[in-house]
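Chains as they are written, first to last, in our numbering: chain Z, 1 to 726; chain L, 1001 to 1085.
No wet-lab data here; the hints were simulated from the structure.
C-beta atoms are modelled at their ideal positions from N, C-alpha and C, and glycine is treated no differently.
Just to be clear, a hint being listed does not mean it is correct.
Unchecked claim - Not everything, but these chain Z residues come out facing chain L in the computed CB check (under 7 Å): (1) R119; (2) K279; (3) E284; (4) F649.
What the hints assert, rightly or not - Covered stretches of chain Z (chain L as the covering partner; in silico rule of three or more C-beta atoms under 8 Å from a C-beta of chain L): (5) 317-326; (6) 548-554.
Stated by the list, open to error - Here are the simulated EDC-like pairs of lysine to aspartate or glutamate, each with C-alpha atoms no more than 16 Å apart in a straight line: (7) Z:K320 / L:D1058; (8) Z:K425 / L:E1082; (9) Z:K209 / Z:D239; (10) Z:K425 / L:D1058; (11) Z:K426 / L:E1032; (12) Z:K426 / L:D1066; (13) L:K1053 / Z:E537; (14) L:K1053 / Z:D310; (15) L:K1030 / Z:D237; (16) Z:K425 / L:E1074.
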Amino acid sequence: MKTNSACDVCEFNNDTELKKLGVFSGNYDYTIALAGNPNTGKSTVFNALTGLKQHTGNWPGKTVTRAEGSFAYRNNTFKIVDLPGTYSLLSTSEDEEVARNFVLFGKPDVTVIVVDSSRLHRNLSLVLQILEITPKAVLCLNLIDEARRHGINIDVRTLSKDLGIPVIATSARSKEGIPEMLSAIHQVASGTIESKKRSFISVPEKTGKAIHKISDALAKLDPELPNANWLAIRLIDGDPTLTTALQQGELSKLMNLENTRSPLAMAGTLRNELGTHYKNDVAESIYAKAGKIVSSSVSSATEQRSFRMDRAIDNIVTHKIWGFPIMFLLLGLVLWLTITGANYPSKMLATLLLDTVHPFLKSGAEAWHFPWWLSGFLIDGVYLATAWVISVMLPPMAIFFPLFTLLEDFGYLPRVAFNLDRLFKKAGAHGKQALTMSMGFGCNAAGVIATRIINSPREKLIAIITNNFSLCNGRWPTQILIATIFLGALAPSQWAGTISMLAVIGIAILGIGFTFFTSWLLSKTLLKGESSFFTLELPPYRPPKFFQTLYTSLIDRTLIVLWRAVIFAAPAGAVIWLISNITIGEQSIALWTIQGLNPFGLAIGLNGVILLAYVVAIPANEIVIPTILMLTTLTVNSATAGAGAGVMFEGTESEVANLLYAGGWTTLTAINLMLFSLLHNPCSTTIYTIYKETGSRKWTTIATLLPVFYGIIVCGLVAMIWRYLI
Amino acid sequence: MADVMDIAHYLGNLEKGQNAVIIGIIADCKEEIRQRLLDLGFVRGTKISLQNKSPLNDPKAYLIHDTLISLRKEDAQKVLIEIKE
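Chain Z with its partners taken away, still in its complex shape:
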């Protein structure tokens, strides 16, 4: 797309000296920290420098753990660490600790502070706090194009003079200013530009005197201490990490447990004296200083800045009457596009992997004189299950994730959380769970990963455990098939489509009901607690970058999830084949198991085949139906249907219907299968992801078994009522 223009080869273009190294391991000449408020395009700056495509959602708190990348510039190599976006460094939240500790203890050679040019006043609060810790910084006035559009003019020189650090206006999305920023980073890192340490936070009156007292005491112990003022501010606040660091000499070799005793005791006394006024005074003075700087360097064309477009969209999407319908419509549209859109590529993949490659491998194995069991095990078992998972999972995900990511990047999803928070709060959960729940409709594993945006551990666990109640992509086709065959058939033919569709939507809504019920239940029992402080920034709407979205959502969501599914699909395929082909006595292990499970299965309105299928098809909900069909042929001993013991298959609707009726299915079986498909353990990919996210066997077990428990109870109750009525 991009041709080599004259600029690309011009020697005055600094950009040509940039080599993006992605994840390069080795020794670096310099370490750079990338800090900034949420929603300032920090990740875009990171990507522009390193070439790594980190997903940059228009969603506060996207970079939850720090990301690292590297680049080379003018013969120097740089490691760059993307810190979590924070509003401040004064709280003790996990994000702020990570950011603060890296800037303080990691001693980066340069800290690049990314700010949103349209919101300089708010952003400068963080900038001033960082400058209290280190003067080796570069200010990146990002989103400058947006600011210009809003008629905001920033005097870069004055700002740079006031702050004492290089200030570069950039628009990272269009790469504007990146060469200049690289040059500034290089100069600060190499010491060509020497920034002088200055103190910006000056608190008036009593509180100010207190801070001076402590900082003087610290300076007496170590006159070289670069950030005595800031340490004093934190110590009076009782910051536990810094207190320990100081006592153990981590901040200055001249300090130890002994000689810090008196300043620390003094700080404690002052904390008690000043009380709640202390925090207020510090925050106020920071904002006042930021305001002063802004007033000397920023001029707006109009007092009322033109965010009118954003306001207009917000008035519609959070509207009292239209807010909810728009939300359901958009989510419904995304799901509909996913389900119908995936059909065609799924069929193509199936034709290729199942109808062409599979017979080819079989005949190849025959030509090589593989014994039947080996070709069966490898090709009918391992290969087929893996190929099946890929062909049914890849297309819906490749459609759902980009669509969802577009909504996210545009900035709509935080509005969904805003709209639904009230309901989640009543269930003792967090508004951001609205996003993870919606994500679950695409894929529960991705939904579980998305819970990282929820800060409170209690509410994050609730979101993880209940994610499985969002009917995922893998289960919609099962629901639609069974509803069409069994429920649609009950209605007059002109209504059949509508009835089956309503039944499936009903199941999805029931799932939402279970999400709220379980959230409430957990917050009253295992995860007792009040719902935590909820704040949510509603970021400005930003036009998503279409191709980048496509690329990153494929890389970070689709492929990760698919890969995890494939890892589990291969062994499951082997198990499915083995249990169908290893016989004990007269019949296969599968048949023995089915017979063993049948009494219980039938009692709860299902059957042994279904229960066994749900156990062995754990890698992906997508292979449940093929497994059920294969197992059913074993039980009915059908010579006409199927492709052999242990070989999964699918057929036309009428073939499936005939086989299932032959297998003894009734309307009750169908209804209960739909319910059980909603209420059973998550797939192995999701279970593994839950374990990864929680790091706890206990919570993984609860998240796995709770839905099964629900499923058995609900199916049992439905069966009881059904038998009573009919």
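Chain L: place on chain Z using the hints.
Below, chain L without anything else, positioned relative to chain Z:
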């Protein structure tokens, strides 16, 4: 203090179309929440207005320092404001 309390309102009671200035955060507020509010810019002297109510009336989104921040009612009640019309 007496005249401050005369003009003080809780942020949660701010109506659309009104402009207000923050007076402070109530004394009876957990330290952690106080710090969070301060970090978000809820400091004395800051202009604030109500931008959006969610469909169920809670939370509400406030425009503060050119950013929309949404707060639940119980948290908004911790912020004291003076209404300037």
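Hint check results:
1. R119: holds, 5 Å
2. K279: This interface hint holds because 6 Å falls under the 7 Å limit.
3. E284: Holds: closest Cβ of chain L sits about 5 Å from E284 of chain Z, inside 7 Å.
4. F649: violated, 47 Å
5. 317-326: holds (count 6)
6. 548-554: violated (count 0)
7. Z:K320 / L:D1058: holds, 11 Å
8. Z:K425 / L:E1082: violated, 29 Å
9. Z:K209 / Z:D239: Violated. K209 of chain Z to D239 of chain Z sits at ~19 Å, over the 16 Å cutoff.
10. Z:K425 / L:D1058: holds, 10 Å
11. Z:K426 / L:E1032: Outside the cut-off at roughly 22 Å; violated.
12. Z:K426 / L:D1066: violated, 30 Å
13. L:K1053 / Z:E537: Holds, because 14 Å separates the two Cα atoms, which is no more than 16 Å.
14. L:K1053 / Z:D310: It holds: about 15 Å lies between the C-alpha atoms, which stays within 16 Å.
15. L:K1030 / Z:D237: holds, 14 Å
16. Z:K425 / L:E1074: Holds, because 11 Å separates the two Cα atoms, which is no more than 16 Å.
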